[in-house]
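Student: Read off the chains here:
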Amino acid sequence: MPSGTTLIVILVLFSAALIGVLVARPGVTATRGGKILAFLVLFFLPILCGAMGISSEMERSKTTAFCLSCHTMEAYGKSLYVDDPSHIPAAHFQNHRVPAEEACYTCHTDYAMFGTLKVKLDGLRHVYIYYLGTPPAPENIKLYEPYNNRECLHCHLGARSFEEGATHTADPATLPAIKSNQLSCLSSGCHDVVHDISHLKDAKFWKEKN
Amino acid sequence: MPTINPMAWRLQISGTFLVIGLLIEAICLLSAKPIAFVLLVAIGGLFLFAGVTVYLFSIVSTPRS
Numbered sequence: 001m002p003s004g005t006t007l008i009v010i011l012v013l014f015s016a017a018l019i020g021v022l023v024a025r026p027g028v029t030a031t032r033g034g035k036i037l038a039f040l041v042l043f044f045l046p047i048l049c050g051a052m053g054i055s056s057e058m059e060r061s062k063t064t065a066f067c068l069s070c071h072t073m074e075a076y077g078k079s080l081y082v083d084d085p086s087h088i089p090a091a092h093f094q095n096h097r098v099p100a101e102e103a104c105y106t107c108h109t110d111y112a113m114f115g116t117l118k119v120k121l122d123g124l125r126h127v128y129i130y131y132l133g134t135p136p137a138p139e140n141i142k143l144y145e146p147y148n149n150r151e152c153l154h155c156h157l158g159a160r161s162f163e164e165g166a167t168h169t170a171d172p173a174t175l176p177a178i179k180s181n182q183l184s185c186l187s188s189g190c191h192d193v194v195h196d197i198s199h200l201k202d203a204k205f206w207k208e209k210n
Numbered sequence: 001m002p003t004i005n006p007m008a009w010r011l012q013i014s015g016t017f018l019v020i021g022l023l024i025e026a027i028c029l030l031s032a033k034p035i036a037f038v039l040l041v042a043i044g045g046l047f048l049f050a051g052v053t054v055y056l057f058s059i060v061s062t063p064r065s
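Chains as they are written, first to last, in the numbering used here: chain Y, 1 to 210; chain R, 1 to 65.
Isolated chain Y (complex conformation) (with noise of 0.2 Å):
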């Protein structure tokens, strides 16, 4: 558990031992010093601690680790060893290309206005199906929408080996084309491999050296 939760559990549980006080004993608050302190300890505590912990929960959800805890994400998570540079979220997480501790989130964000936002109600509704519904199969698992090039963008642009690439500049539409989302970065030769689960059984893992 990172050291900054543990503060905040320390603090949580804190301000309810301190609440507690205050319940057993609600007659500390007829004076003026006991009114002060059931202002801190009943509504400054709490919500304090209530924000803090909705933070590290946001932040927590933005792990690897934190997506990967899904069984239904295993090979999705296993599909990030691929020994394959043509595989693309193998190559950006085992590159660091993405934080390794964030690869899931990085790619799969929404890096337009409300994104964030939008990927945590996406997260709620996985949330339901995996524990009140029938989660699909791994292989089955779609995006809601196609892949948008933004989400590459986000990093990729400006870089001189996608502006300056060779692949990218043989054709001169072709970098327009994938500025504006008409020719998708996943299109079929170009950087097509995603996580290819359905061969994961036949594919050489790389080992992480410790």
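Just to be clear, a hint being listed does not mean it is correct.
Over the 10 Å line for every Cβ pair with chain R, so calculated as not near, a few chain Y residues [claimed, not checked]: (1) Glu57; (2) Glu163; (3) Ala173.
Examples of chain R residues lying across from chain Y (beta carbon under 10 Å, computed) [as the list claims (entries may be wrong)]: (4) Thr16; (5) Leu23; (6) Ala32; (7) Lys33; (8) Ile35; (9) Phe37; (10) Ile43; (11) Val60; (12) Ser61.
I should point out that these hints are in silico values taken from the structure, not numbers from a laboratory.
All C-beta atoms in this analysis are idealised placements derived from N, C-alpha and C, irrespective of residue type, glycine included.
Start from chain Y and add chain R according to the hints.
Tutor: Just chain R now, kept in the frame of chain Y:
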């Protein structure tokens, strides 16, 4: 039979809600599962909101002695 001070009674209700909400929050923070996130926001948040609301109601509704 002792009479119960309405202010004290409301503070106790508020405090009970808050303790429940905070304990739910503490338990959820110890788990990294997605369900913990939902429980923290939905159930823990609801108890905290209820506790703070009852406290605020208690301080505005009790006449000055």
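Student: Please verify that the nearest CB of chain R lies beyond 10 Å from Glu163(Y)'s CB.
Tutor: holds, 38 Å
Student: For the restraint on Leu23(R), tell me whether the closest CB of chain Y is nearer than 10 Å.
Tutor: With Cβ-Cβ at 6 Å, under 10 Å, it holds.
Student: Quick one, is the Val60(R) hint okay against chain Y at 10 Å, beta carbons?
Tutor: Not OK, violated: Val60(R) not within 10 Å of chain Y, min 12 Å.
Student: Are Phe37(R) and chain Y close enough, Cβ to Cβ, to be under 10 Å, as the hint says?
Tutor: Hint on Phe37(R): holds, closest Cβ of chain Y at ~5 Å, below 10 Å.
Student: Should the label of Glu57(Y) as a non-interface residue stand, given a Cβ cut-off of 10 Å to chain R?
Tutor: Given that some Cβ of chain R is not farther than 10 Å from that of Glu57(Y), nearest at about 5 Å, it is violated.
Student: Against chain Y, is Lys33(R) within 10 Å by beta-carbon distance?
Tutor: holds, 6 Å
Student: Is the interface hint satisfied for Ala32(R)? The criterion is a beta-carbon contact with chain Y at less than 10 Å.
Tutor: holds, 6 Å
Student: Taking the closest Cβ pair, is Ile43(R) under 10 Å from chain Y?
Tutor: Violated - the Cβ of Ile43(R) stays beyond 10 Å from chain Y, reaching only about 12 Å at its closest.
Student: Would you check whether Ser61(R) satisfies its interface hint, that is, whether its CB is within less than 10 Å of any CB in chain Y?
Tutor: Check failed: Cβ of Ser61(R) comes no nearer than 15 Å to chain Y, outside 10 Å.
Student: Regarding the assertion that Ala173(Y) does not contact chain R, is the least Cβ-Cβ distance greater than 10 Å?
Tutor: holds, 43 Å
Student: Would you settle whether the hint for Thr16(R) is holds or violated, based on the nearest Cβ-Cβ distance to chain Y being less than 10 Å?
Tutor: This hint holds: Thr16(R) lies near chain Y, its Cβ roughly 6 Å from the closest one there, short of 10 Å.
Student: Given Ile35(R) as an interface hint, is its Cβ closer than 10 Å to any Cβ of chain Y?
Tutor: With a minimum Cβ separation of about 6 Å from chain Y (threshold 10 Å), the hint on Ile35(R) holds.
Going down the numbered hints, you'll see the structure goes against 1, 10, 11 and 12, while the others check out.
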